[in-house]
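Chain C: place on chain G using the hints.
Chains as they are written, first to last, in full-length UniProt numbering: chain G, 1 to 289; chain C, 1 to 335.
In case anyone wonders, no lab produced these hints; they're calculated from the structure.
No experiment lies behind these values; they were computed from the predicted model shown.
Hints are not guaranteed to be accurate.
[Unchecked claim] Computed list of chain C residues with no C-beta within reach of chain G, every gap over 12 Å:
(1) Thr27
(2) Pro52
(3) Pro117
(4) Arg150
(5) Gly152
(6) Ala155
(7) Ala208
(8) Leu214
(9) Glu248
(10) Pro300
[As the list claims (entries may be wrong)] Simulated restraints, written as ranges between beta carbons of each label pair:
(11) G:Met174 <-> C:Gly64: 31 to 41 Å
(12) G:Gly117 <-> C:Pro52: 32 to 42 Å
(13) G:Thr107 <-> C:Val268: 43 to 53 Å
Every residue gets a Cβ at the ideal spot worked out from N, C-alpha and C, and that includes glycine.
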Amino acid sequence: MSGAVVMPARRRVAWGKRAGLVIGGVIVGAVLLVAILAPWITPHDPFVQNLDNRLSVPFWMEGAKPGHLLGTDGLGRDYLSRLIYGARISMLIGLLTVVTSGLIGTTLGVLGGFFGGKVDDAVLFAITCRLAIPVVLVALAVVGLLGSSLTLVILVLGLLLWDRFAVVARSTTMQVRNLDYVSAAWAAGLSTPAILLKEILPNIASHLAVVATLEMALAILLEAALSFLGLGVPPPLPSWGLMIAEGKDYMFFSPWVIFIPGVALFILVFGINLLGDGLRDLLGAGDTR
Amino acid sequence: MSTATTMVRPQETAATPAIEVRNLRRTFRIKGGLLGKDREVVAVDDVSFSVPTGGVLGVVGESGCGKSTLARVILNLLPPTSGEVLVEGRRLSALDRRARARLIQPIFQDPFSSLNPRRRIKDIVAMPLVAQGNIPARQVNDRVAEMLTRVGLSAEQGERFPAQLSGGQRQRVAIARALVLRPRIVICDEPTSALDVSVQAQILNLLAELRRELNLTYLFISHNLAVVEHVASEVAVMYLGRIVERAEADALFRAPRHPYTRALLASVLTPEPGLGVPDVGLGDTLPDPANIPPGCRFHPRCPVAEPRCAVQVPQAVATTDGAAECLLLEGAAQP
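Isolated chain G, as found in the complex (with noise of 0.2 Å):
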């Protein structure tokens, strides 16, 4: 009796679960294959401008132009054909950030957390200091002294973002280290670099996955927040937080400028961290022994 009541509640859980899995991986391989396929797939040149046909409405309002899907921005340009370049500036600094942070993060976690003593005094220091950082302070420090470019942007993020990366893998590293397997390869003569390799990075790569798709997402917002603020890709490159930040004047008559890319970016965010939950979900019931 009770069973019946269970059973349904129970598969639900799952499927959601798995939901989760798919809507997210569904958004970020769309939104990376549309960032790929960028100049085969506009419509338009985003870079062109068009004074005559400023502020041309998008396809679901009065007196929408043919040929502009989601309008024109302030300059005339065609907003679907930037945002879709503004796509592959996310992404590019998602990824970018993420690979350059989880290198430094992880090896500097797995050192510390295999080693011990001094090398994880070092490590720990190392990620204290970090904290005590502010983002976005230094990336004004490093626009002004520097000027402002893309690989600026995707330098201090991923010099900066690594911390979250190092405290998952040092204590994860740490639980491993202490397991048979880690022991047994040891004894089998294995070297250090080999045991760090084979037998602790495999079995902690699935807690970074995770880290990875939230560091993904918070770069994205950040490299948003830094262009709407002027401190990150410079205009006329199509970023989303640009198109905000350059939006905003026309905010009051033409508000789609800034929800266009804001949706954008929301959903963007929104699928990574659900890929992320997905796939700490699905890990995390495989790491049963």
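Same frame as chain G, now just chain C:
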């Protein structure tokens, strides 16, 4: 099977034991917190023994007596605080990791944590060969296949991951990994305690067969006296980090000399349910290795302790076929 093990090494003579442990000691420092003092825990205290080639030394004792620490120190997984381990006359601490791996290998208790869950069985078994760095890939594959067959696993099972095997099969994998380099000594740290009773006998028989075939020497650590009686040629009884009695297996089980050994033997459950749990007169408290009693370390729990036991530290007394550390044995007044 290969008979590579019959090869006589230069250092290996009739007089050289397969493994010799000299005055091994390992202490741990426990932080006392913000205000407390650091405490020192003596996990292994001045342990010495030797095992002849082909012998099996069983090491028994309660939880926390230092059995597993002893195993890890002998394997050099934990560096000893003092003392040394010699395998066939060579000091283990002076050897590099590859040479050490060729001499001594472990088999751990829990086959669920001793195999890397992300690697295939054949890669796990190949690991010690690959770590040597100079064995051609084809030879590695051949030796892995041979070893898997020898422990009773199929080539198809070699392609699987540990999670797809049962506990007994996993322990066979651990045995294959330990023996694929043809080591001289195998440290078995409770190799059957995590297994179902029905599987334990299979694993013990496999270990015994392989020992005869490959002329191996075992250090067999267990809290299961029945298992030790079955496999060991000699037995060492550990209490709070020291070997308090050591004798040939038959003699120890027939005529235990140390009061602690007697209590251990008396604590074995009988298959008769009506008899209940035996009362061995040791009290309810477990000994604390951070706070070792003065005099004889066993005296607070000893059922036959005398006042002098709390003061005088017992020295090892030779018995008919071993040694025991008990004051009451001196002069042989009391059995």
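Quiz item: What are the numbers of the hints the structure violates, in ascending order?
Solution: 3, 11
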